[in-house]
Amino acid sequence: MSKRTVKFKIYRYDPDKDAAPYMQDISVELDPSDKKLLDAMVRLKAKDDSLSFRRSCREGVCGSDAININGTNGLACLTDMEGLKQPVVLRPLPGLPVIRDLIVDMTQFFKQYHSIKPYLINNDPPPERERLQSPEEREELNGLYECILCACCSTACPSFWWNPDKFVGPSGLLNAYRFIADTRDQATNERLDNLEDPYRLFRCHTIMSCVDVCPKSLNPTRAIGKIKDLMVRRAV
Amino acid sequence: MSVNVSKRTFDAVIVGAGGAGLRAALQLSEAGLKTAVLSKVFPTRSHTVAAQGGVAASLGNSTEDHWHWHMYDTVKGSDWLGDQDAIEFMVRKANEVVIELEHYGMPFDRTDNGKIYQRPFGGHSMNYGKAPVMRSCAAADRTGHAMLHALYQRNVRANTQFFVEWMALDLLRDAGGNVLGVIALELETGEVSIFHTRATVFATGGAGRIFYSSTNAFTNTGDGLGMAARAGIPLEDLEFWQFHPTGVAGAGVLITEGVRGEGGMLRNADGERFMERYAPNLKDLASRDVVSRSMVTEINEGRGCGPDKDHVMLDITHLSPEVIMKRLPGIREISIRFAGVDPIKAPIPVVPTAHYQMGGIPTNYKGQVVAPKGDNPNTPVPGFYAAGECACASVHGANRLGTNSLLDLLVFGKSAGESVVEDFKTGNLALHPLPADAADQALARLARLESQREGNAVADVRLAMQRTMQKHAGVFRFNDLLKEGVTRILEVAESAKATYIKDKSKVWNTARQEALELDNQIEVAKAAMISAEARKESRGAHVRDDAPNTDEHPNGRDDQNWLKHTLWFSADNHLEYKPVNLKPMSDDVEPIALAKRTY
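So the sequences go chain by chain: R and Z.
Counting from 1, one number per residue, gives the positions in the first sequence under the working numbering.
Counting from 1, one number per residue, gives the positions in the second sequence under the working numbering.
For the record, the hints were derived by calculation from the structure and aren't laboratory data.
For glycine and all other residues, C-beta sits at the position ideal for the given N, C-alpha and C.
Some hints here could point you the wrong way.
Just so you have them, the derived chain R footprint on chain Z, three or more residues with Cβ under 8 Å [stated by the list, open to error]:
1. 151-164
2. 171-177
3. 268-281
4. 330-344
5. 451-460
6. 495-503
7. 518-530
Quick list of in silico lysine-lysine cross-link-like pairs, BS3-like style, CA-CA up to 27 Å [claimed, not checked]:
8. K216(R) x K536(Z)
9. K3(R) x K17(R)
10. K483(Z) x K536(Z)
11. K345(Z) x K17(R)
12. K483(Z) x K47(R)
13. K111(R) x K345(Z)
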């Protein structure tokens, strides 16, 4: 494979100098080894050092480089350049305030994560050794604990766009269920109380955008359904 | 950028919120100390998140185990350069810190009887090298992710105060050498602030990105090492870098040694399981330095795979798809995404890739930073602590065993935290006054970038550094290349003094951040090249052509002249040496006597 030139259209905004955001047309020559979108963005940055975005692990596990790519949320480091329609349109994640270029203010997202008490609650005195858990019980956590807090899901969710201050959002709810599902956790009732609210949980209308965009192939909608089931069962 | 420097006062500041920083933060928060934790990324984005295979502890859940064996393996793995007091401390604390983590909610895999699942790992053995042992406590192949999130979650519970997306710029010291805190930059606003404290804990991670091909995150730029070096603290044993045997060829992304722990094998172009020739006993589970050198030897002798014969294959096609899906799901995902192969059906192309820095800021096993003063090479620096990959306790010596890094950050994160709390309670930590010029060095660095109107692009200087490190200080080292490497890296360091950024914005200026990070990387690269050139023996991960295997010097190791730690000083690039501690911490175990390393 030889070098190739790829066209981009990128959302730019620097509050220090720009009166308003604009879309920048820019193209860059890629090496055959530049396989992922993040590789291309690093090349773009070498060309224009003012292009700002977050990135760290470049292997889809730290959750830094979530952006909106040709209209769909995803991680730049896991997105193949091959097959991307040109010009590749890059925007910050929708629904959160933009700080600069592709960097959004994630305060609201993390506030919702923190609101579900994202830690194990077990008030028994800790035993000498590990708390026992069968392999089957542990399997209940699969598909939940792998969340990387990238916010692709919550910022793809119309309910979160309307009520980011009141609706916990798919990521927060997936994490809430991660602790409810953990046999070592003793706070299921308290956790359900915390979510029993017209907004916090019940704004989920199973649109399932979260499932479509999750770069880790997790299913927040299913986790939310399980929380709703527990609410119903608790009520009867 | 005109700069107003604000000031904040805390009992303690922790720089870095990966595993070590978060573990230290728990000790401080739970003890009620007013603590600021600074991190240039949101805590769960720290590079601990990328650790895969497990954390070592002699729990003995699946096979018989003993901390004596773990200690032996670690000393031998270190090629006897590890300090035996620190190693004893670490392996004896292992069960405690791993069980604590389970209590915090870490989702470890489980055995049939409900205990923490453990898998075999490279260099870990039963009965002093006799057979592989199951010592690596794992959460599938996402152990670091599970651990980092559990530690962050526990800190949320403990109400730890984070300063997220703040980058520390420089360490503050007074004329007496006391450490007074750090000066830091908030990325979002460009605000510069002094964190004036009684105690400063560095947990800033490694600097593997000084190499061209690295498993490390972009953010692993050795910031703590750079700050320490500029403040006159020496850096220890930086000639020792671990090349992980299995990075995805081309992409560099890590494939855990846990793959071989679960039964994976390395094969050359002939399909031969070549590790049987190099390590008849532990084979594919020999120590990482040994496996990496064997792979490079296979490639150099023409038995590499692919059109360019430049990699070997990691084969797990003989494992059942169920085992792969259950124990190695993340690896399958990485392999499909970055190598384009499904490991259930075809082997993964792999090549040794820069991974871990064994050296770092010198500390004792209490996590106190130490430096030479008078006759004592290990005098604590008042108010300064370090833990995790940025520190050198030294438990890894010349080569780290897999799963000992997650253990290191738990044990020494906790122990540094405990030392701060203890030193605080006993009144050993004063809030020394800030000198008038405390902020000057950092402000001068910022002002230079602000005023520089032309010069060298940061990306170009960084690439020159990475290529130099890769070529001159790789898996095998050569006397002439090392000598030339020192000249080259000093040239690159000169060019880094004239980096130029076009972007002068106050708001989230990543160009400025990368230029400041490069300053830190350059300190580490100089330390690594100069220390490597000077060490005229082969030991652990440092193997050079002019120190071959002989009867007098097995594996090229020269204990008579080189059984000592290197200390590099930034001010004039000079080196000093200090003895290795061959004496364990207690009388509960005999010292592990010097011997030739074979697996």
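Hints, verified against the model:
1. Residues of the stretch 151-164 of chain Z lying with their CB closer than 8 Å to a CB of chain R number 4, which satisfies the three-residue condition for coverage.
2. Only residues whose C-beta sits within less than 8 Å of a C-beta in chain R count toward coverage, and the stretch 171-177 of chain Z has 0 of them, not enough to reach three; the restraint is violated.
3. With 0 residues bearing a CB less than 8 Å from a CB of chain R, the stretch 268-281 of chain Z misses the requirement of three and the coverage assertion fails.
4. Three residues within the 8 Å Cβ limit are the bar, and the stretch 330-344 of chain Z against chain R gives 5, so the coverage statement holds.
5. Only residues whose beta carbon comes within less than 8 Å of a beta carbon in chain R count, and the stretch 451-460 of chain Z has 3; three or more means the coverage holds.
6. Only when three residues or more bring their CB closer than 8 Å to a CB of chain R does the claim for the stretch 495-503 of chain Z stand; here the count is 3, and the claim holds.
7. For the stretch 518-530 of chain Z, the assignment as covered by chain R is violated, since 0 residues bring a beta-carbon within under 8 Å of that chain's beta-carbons and 3 are needed.
8. Straight-line distance between C-alpha atoms of K216(R) and K536(Z) comes to about 47 Å, which puts the hinted pair past the 27 Å bound.
9. Simply put, K3(R) and K17(R) have alpha-carbon atoms about 34 Å apart, too far for the 27 Å limit, and the pair is violated.
10. With a C-alpha separation of about 12 Å, the suggested pair K483(Z) and K536(Z) falls inside the 27 Å cut-off, and the hint holds.
11. Taking the CA atoms of K345(Z) and K17(R), the gap is near 53 Å; set against the 27 Å cutoff, the hint is violated.
12. The hinted pair formed by K483(Z) and K47(R) fails the criterion: a straight-line CA distance of about 34 Å is larger than 27 Å.
13. Distance restraint check for K111(R) and K345(Z): the Cα-Cα separation of roughly 43 Å exceeds the 27 Å cut-off, and the hinted pair is therefore not satisfied.
In summary, the numbered hints that this structure violates are 2, 3, 7, 8, 9, 11, 12 and 13.
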